[in-house]
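Protein chains: 2
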Amino acid sequence: MQNFADKLIEAIKEKGNPCIIGLDPRMELIPQAFFSESEDKTKNELIEDSIFEWAECIIDKIKDLVPAVKFQSAFYEQYGVPGMWAMKRAISYAKSAGLLVVVDAKRNDIGSTAEAYANAFIGRTKIIDTEDPIFDADCVTVSPFLGRDSLIPFVDACKKYGKGIFILVKTSNPGSGDFQDIKNEQGEPLYTVLAKIVAELGNDLVGTHGYSSVGAVVGATHPEEAQILRTMMPKAFFLVPGYGAQGGTASDTLPCFNADHMGALVHSARNITFTHADQNISKNEYGYFVRENVEKMVADVTAVLK
Amino acid sequence: MQNFADKLIEAIKEKGNPCIIGLDPRMELIPQAFFSESEDKTKNELIEDSIFEWAECIIDKIKDLVPAVKFQSAFYEQYGVPGMWAMKRAISYAKSAGLLVVVDAKRNDIGSTAEAYANAFIGRTKIIDTEDPIFDADCVTVSPFLGRDSLIPFVDACKKYGKGIFILVKTSNPGSGDFQDIKNEQGEPLYTVLAKIVAELGNDLVGTHGYSSVGAVVGATHPEEAQILRTMMPKAFFLVPGYGAQGGTASDTLPCFNADHMGALVHSARNITFTHADQNISKNEYGYFVRENVEKMVADVTAVLK
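Protein chains in written order, with the numbering used here: chain A, 24 to 329; chain B, 24 to 329.
Worth flagging that the hints you see were computed from the coordinates, not collected in a lab. From the three backbone atoms N, C-alpha and C, an ideal C-beta is built for every residue, glycine too. Check before you lean on any hint, since a few could be wrong.
One side of the interface only, derived from the structure: several residues of chain A facing chain B at Cβ under 10 Å [unchecked claim]: (1) Lys66; (2) Met110; (3) Asp132; (4) Ser135; (5) Glu138; (6) Gly146; (7) Thr148; (8) Ile151; (9) Ser195; (10) Pro197; (11) Asp201; (12) Ile205; (13) Lys206; (14) Glu208; (15) Val216; (16) Pro264.
Please model the entire structure based on the sequences and the hints provided.
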C-alpha cells in the first residue's frame, strides 16, 4: 500500500504545483443553474444534487490543474444529511478524477471515540459482516486539544490504510494565539510543543520521498511561526490555509516550504469558487471562472517557488 | 424563548437527578433483535433503521428517569450518512419524548466555518428561501483550540435560538494533561485560562435560575481540577464524562457540583447501554436491562448529593 505522503508528492510533481482547492458550498453563492432541473425533486434531493453537481462541475474543470481538493465538512454538515450525501459523492468523484482528497473536519475525541472518527474519514467500520470504507478520504484534519493519546487512533489508521492526517498546530485566524501561543514554564509556546509531537508521531510514516503522512496545519498568516515550525518538523507536510481571502500572500507561504520547495500544500477556497458577480451564469461559464481563478493562483504560488 | 440552562434545571428538578445517558451505537454490541425485520432492506436502510430503533427503544424505556440524553456524533459518523440519518431521527425522537438533547460533536473551526457548524447543530441554515433547523439539538459540545473568536458564533447561536454549548475545558482521558495542563508564564494551566473565557462568554446567557447556557466539559477523573474550575465558573453547567466505564465514581463527580447540588450533568454511556451478555435477548428484555442500569446510576449519583 502506497504511503500518503508519497502519493501527495507524486501528484504535486505531476501537476507542477502545490495548490489545494477548497470545495465549500454556500448555497446562496452557488449559481442558479445548479438548481434548475429540479422541479420534481424533494427538498432533500435538491440540496444533495445541487451541491454535488456544483462540486462535480468544479472538479471537471480543474482536475488537470491541481494535485488535491479539500472538503470543509462544516459547509456540508450545515445542510444536514443531504449535505453529507453530497460530500460523500463529491469525495468519490474527486478521487475518480485523479485528485487527492483532504476532508477538513478538525475532528477528535478520546479513546474508542477517536477511533470511530478515524474509521469514518480515513479507515473502515465493521458493519455486520464486512469492514466498509465510509467517507474514505485520503487525509483528514485532526484537532490535538485532547492530548497525544487522542491522536494515536488516527496515526494507526494512516498506517493501516495508507492515509494521511494534518494535525492543527498553528491556525490562520486572528484568535489562534489565545491558546496556541501560550508559553509553558520553559518558554515554549504550545504550537512548538505540538510540533514536537507531530514530528515524533510521524516518524513511522515517512515515505520513500522523505516526507511523513502525519502533517500539520500551519496558517499562511503567521510566516514567522511557520519558519520555526518548518525547522522543527522537517519531514511533515504543511497544510497552509490563510492564502487569499484571509490575507496571506504567496510570499507568506514560503516559510512553510522546505529548501527543496516541497512540503506544503497551499489552500484557497472562496477566492476560487465564489468570485463570480452574476448568479445567472451557465454552469460552463461558472466552471471557466473557477478554472481561471485556479490558474491565477497556480501562477502566483509557483512564481514565488522559482 | 426559554434559556437552555433554565430548561436544563427544570428538567433536572422534574426528574430528580442530573444524569445524562449517552446513546453511542456500536453495531457489534447492539442485540440481534434490532436487525431482525430487515430482509428486504438495502444495507443503508438496515444501518439507519437498526441504529435508530436501538436508540428509540432506549429512549422509550428511560424517558421518565433522566433529564437528558447525549449523542456522540463519532459513533454515528462511523456508519456514514445512514448513521447520520439515524442520529437526526433519534435526536428528534428524544426531544419529542421530553428529553433534552446534547450532541457531543466537539466541533469547531474559524470564522464563517464555525458559524456553519453552529448552524448545523444548534442553529438554522438558509436553504434556498427558508431558514431551516438542521440537527436541531438543544446543546452541542465545542472545542476551544482555535481561540476565543472561534467560540463566538456558537455563543451567538445560543442567544438567537435558546440553545446551549459545553466548551471543552478539562477532558477525562489520561492524556488530557498534555496540553490542557500546560502552565503559562503566570503559572496558570491552560484549563484555568479556558475557564475564565467560559465564564466571561456565559455572562450574557445566565437564566432566571442563575446558571448560564455556556457550560464546560470537566472530567470526573480529575476531582481536584474540578474543584478549582467549579469556583472559577460558578454559573457554568458542567458536562461530566468519566463516570463509570472510565473509572470515575459518584463521589468523584461531587466537586463538579455547586453547594446547591446543581450545576453538573453526570454522563454514562457504554456502562448503561452495553452491559448485556447475551446478544439474542429480545428488544424488551434489552430495554429493561438498560432501564435497570439507569436506575442504578441514578441511585448512585443522587446518594452522594444528599
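Right, here's what the structure says about each hint:
| no. | hint | verdict |
| --- | --- | --- |
| 1 | Lys66 | 7 Å, holds |
| 2 | Met110 | 9 Å, holds |
| 3 | Asp132 | 6 Å, holds |
| 4 | Ser135 | 8 Å, holds |
| 5 | Glu138 | 8 Å, holds |
| 6 | Gly146 | 9 Å, holds |
| 7 | Thr148 | 5 Å, holds |
| 8 | Ile151 | 7 Å, holds |
| 9 | Ser195 | 7 Å, holds |
| 10 | Pro197 | 6 Å, holds |
| 11 | Asp201 | 4 Å, holds |
| 12 | Ile205 | 5 Å, holds |
| 13 | Lys206 | 6 Å, holds |
| 14 | Glu208 | 6 Å, holds |
| 15 | Val216 | 7 Å, holds |
| 16 | Pro264 | 8 Å, holds |
Checked against the numbered hints listed earlier, the structure breaks none of them; every hint is satisfied.
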